[in-house]
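Peer 1: Chains as they are written, first to last, in the working numbering: chain S, 509 to 690; chain X, 276 to 365.
Honestly, the hints are just simulated from the structure, not real lab data.
You may find that some hints are simply not true.
With a cut-off of at most 27 Å between alpha-carbon atoms, the simulated DSS-like pairs for lysine-lysine come out as follows [as the list claims (entries may be wrong)]:
{"id": "1", "chain 1": "S", "residue 1": "K669", "chain 2": "S", "residue 2": "K656"}
{"id": "2", "chain 1": "S", "residue 1": "K523", "chain 2": "S", "residue 2": "K656"}
{"id": "3", "chain 1": "S", "residue 1": "K656", "chain 2": "X", "residue 2": "K296"}
{"id": "4", "chain 1": "X", "residue 1": "K364", "chain 2": "S", "residue 2": "K650"}
{"id": "5", "chain 1": "S", "residue 1": "K633", "chain 2": "X", "residue 2": "K296"}
{"id": "6", "chain 1": "S", "residue 1": "K622", "chain 2": "X", "residue 2": "K296"}
{"id": "7", "chain 1": "X", "residue 1": "K285", "chain 2": "S", "residue 2": "K523"}
All of these numbers come straight from a predicted model, not from anything done at the bench.
Spelled out, the chains give:
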Amino acid sequence: MTHTMEIEDVAAERKILFMQLYQQAFPLVAKYVHRMGGTFEEVKDVFQDALVIYYEKLAASGVNLQYSERSYLLGIAKHLWAKKNKLNNRYTSLPDSLQGIAMEESAGQSSTEKLLELLHTSGQKCMELLRAFYYDKLPMHKIASLFKFSSERSATVQKYKCLEKVRDIVKEKSLTYEDFLE
Amino acid sequence: MRTSLNDIQKIDDYLLQYAGKADRALFEARLILQPALQENLLWQQKTYEIIKQYSRRQLKAEIESVHQLLFTEPEHIPFRRKILGIFLKK
Numbered sequence: 509m510t511h512t513m514e515i516e517d518v519a520a521e522r523k524i525l526f527m528q529l530y531q532q533a534f535p536l537v538a539k540y541v542h543r544m545g546g547t548f549e550e551v552k553d554v555f556q557d558a559l560v561i562y563y564e565k566l567a568a569s570g571v572n573l574q575y576s577e578r579s580y581l582l583g584i585a586k587h588l589w590a591k592k593n594k595l596n597n598r599y600t601s602l603p604d605s606l607q608g609i610a611m612e613e614s615a616g617q618s619s620t621e622k623l624l625e626l627l628h629t630s631g632q633k634c635m636e637l638l639r640a641f642y643y644d645k646l647p648m649h650k651i652a653s654l655f656k657f658s659s660e661r662s663a664t665v666q667k668y669k670c671l672e673k674v675r676d677i678v679k680e681k682s683l684t685y686e687d688f689l690e
Numbered sequence: 276m277r278t279s280l281n282d283i284q285k286i287d288d289y290l291l292q293y294a295g296k297a298d299r300a301l302f303e304a305r306l307i308l309q310p311a312l313q314e315n316l317l318w319q320q321k322t323y324e325i326i327k328q329y330s331r332r333q334l335k336a337e338i339e340s341v342h343q344l345l346f347t348e349p350e351h352i353p354f355r356r357k358i359l360g361i362f363l364k365k
């Protein structure tokens, strides 16, 4: 019971963050995309992708903001819009700070799909832990307390156990899904 | 930790670049000498990619639920009006 509640704290924090970013920046992005002839759906897609990129940047190294968050998000959104529409303007080259954060989904979708679903059903606990370490990049002490480990060391050991488990599933299933390694 | 977990840690340190120069060199030598380790490294790399994609999906679902709140809950009517206003402008 308590475990679930603790995880929800971090999720609740994220929810607040996204709520704020939506309220601050969505109108700006909507104005821009609308001016460019885009629909509401397109605004939504571009904005949500921009939020993911922003979040990943935040998790990786924090964002050193010269300008406000909404300007930053607008910049990302403009870049994504330009890419999507193959516009030849100054927004098509990815700023240095965002190098390596690509939104392209890799080829071989269906086997990845199957794998992701499998991991969601039979490996959820491990995936949650691995997400906290590798994606959200939460500090060690926070992960240890969130997941109710007695120490940071035992959290780390469990991380490696989960990594091993997931790696074995990935390996096993990949050898079954022929298109996986393309 | 058992050996297999130790190797996982070593691969992790190597791939995520936490290992120092000496450790890296040593590890690279091991990779050449132990094809099984090399293979595990490749699978582990793939695993990190899967973790990222999985996590992104979860994140996207969280974002979508915030979107839904903003575009359906009565308390956010002012926000929706603002957005509608943008789209009604020529």
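Peer 1: A separate judgement is required for each hint: does it hold in the structure or not?
Peer 2: We went through each hint and held it up to the structure:
| no. | hint | in the structure |
| --- | --- | --- |
| 1 | S:K669 <-> S:K656 | holds (16 Å) |
| 2 | S:K523 <-> S:K656 | holds (22 Å) |
| 3 | S:K656 <-> X:K296 | violated (35 Å) |
| 4 | X:K364 <-> S:K650 | violated (47 Å) |
| 5 | S:K633 <-> X:K296 | violated (34 Å) |
| 6 | S:K622 <-> X:K296 | violated (39 Å) |
| 7 | X:K285 <-> S:K523 | violated (35 Å) |
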